[in-house]
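Residue numbers (the working numbering), protein chains in the order written: chain A, 1 to 110; chain B, 111 to 222.
Hints are supplied without guarantee of correctness; some may be wrong.
Coverage of chain A stretches by chain B, computed from C-beta distances (three or more under 8 Å per stretch; other residues unrestricted) [as the list claims (entries may be wrong)]:
1) 35-47
2) 97-110
Result set (DSS-like, lysine-lysine): computed pairs, CA atoms no more than 30 Å apart in a straight line [said to hold, decoys possible]:
3) A/36 x A/67
4) B/180 x A/56
5) A/56 x A/70
6) A/70 x B/167
7) B/163 x B/121
8) B/180 x B/163
9) A/56 x A/36
10) A/70 x B/180
11) A/36 x B/121
12) B/163 x A/67
13) A/36 x A/70
14) A/67 x A/102
15) A/67 x B/180
Just so you know, these hints were derived from the structure itself, not from any lab. Quick caveat, the model's predicted, so the values are computed rather than measured. Here a beta-carbon is modelled for each residue, glycine too, at the ideal position from N, C-alpha and C.
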Amino acid sequence: GEDVEQSLFLSVREGDSSVINCTYTDSSSTYLYWYKQEPGAGLQLLTYIFSNMDMKQDQRLTVLLNKKDKHLSLRIADTQTGDSAIYFCAENSGYSTLTFGKGTMLLVSP
Amino acid sequence: DAGITQSPRHKVTETGTPVTLRCHQTENHRYMYWYRQDPGHGLRLIHYSYGVKDTDKGEVSDGYSVSRSKTEDFLLTLESATSSQTSVYFCAISEQEYTEAFFGQGTRLTVV
Numbered sequence: 001g002e003d004v005e006q007s008l009f010l011s012v013r014e015g016d017s018s019v020i021n022c023t024y025t026d027s028s029s030t031y032l033y034w035y036k037q038e039p040g041a042g043l044q045l046l047t048y049i050f051s052n053m054d055m056k057q058d059q060r061l062t063v064l065l066n067k068k069d070k071h072l073s074l075r076i077a078d079t080q081t082g083d084s085a086i087y088f089c090a091e092n093s094g095y096s097t098l099t100f101g102k103g104t105m106l107l108v109s110p
Numbered sequence: 111d112a113g114i115t116q117s118p119r120h121k122v123t124e125t126g127t128p129v130t131l132r133c134h135q136t137e138n139h140r141y142m143y144w145y146r147q148d149p150g151h152g153l154r155l156i157h158y159s160y161g162v163k164d165t166d167k168g169e170v171s172d173g174y175s176v177s178r179s180k181t182e183d184f185l186l187t188l189e190s191a192t193s194s195q196t197s198v199y200f201c202a203i204s205e206q207e208y209t210e211a212f213f214g215q216g217t218r219l220t221v222v
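So here's chain B without its partners, still in its complex pose:
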């Protein structure tokens, strides 16, 4: 894998609690992304970052926020988790705007 570490790899949390997922890269790539994968939907973009402190929304951003204070870390926060946010979350990185994206191993989040 292209130097991408997601943590935690698995998490079970209760409805209404805040949750933060971390993506750490060692490739010094400019672009970082959070996707979620759900049966019947493929992967959908939540948020992405095109530089430190530069982020933008994706297709399914409601209920999520992100922060990127360092090149290597991109955090995804669920302010108040809901059962509809049960999913597998993937972080990805890309060196430049039109280069390929490399994915982490995923975080399986269950909201009960």
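The shape of chain A in the complex, shown without the other chains:
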């Protein structure tokens, strides 16, 4: 079945780059997404990548997709304390239903 795996925790210092990794299993996924969740809040769509792309850059965010290995990563440049949150990787499973990873908690220390 479909499954999305993420590491659970990442700690970085302010100003460093953060890289959050994700693996997925459904090779037919057309879109892959990164969502951010701050405490007590809903999910905020950060960025997404279409499956025929290798890379997408959006300001401080860079998404890399290795379709052969089914590996997705999110790089946040110049990480700030306001980036502390839980980050979810998700794959589109048809009808825009999403299969989520368990989330990676990013802690940014000053």
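Take the given structure of chain A and dock chain B to it, following the hints.
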């Protein structure tokens, strides 16, 4: 937020009682979804709708039913709440089949 309102935002209910959660959207999007979020599980799909009166089950649909009589409203009903249904419930909407989904703020449900 993309014009999505969930109500109530918090609810405490007793085991065995029926509970209905409401999701209202002002975006006229075709697709609507209910997910639940639990520690250690991420978000899991309960039910979704691809049009008025068109719904289908997700990964964790047992114990839940849904209805969509209007484009803007998607109701999630727990016919007889159980403690295992204590969770945070999120509604989401999507304009087309392969477009991004936008989430509401969530409803925290506690079943005692």
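Query - Violations among the numbered hints - result: Per hint list: 4, 10, 12, 15 violated.
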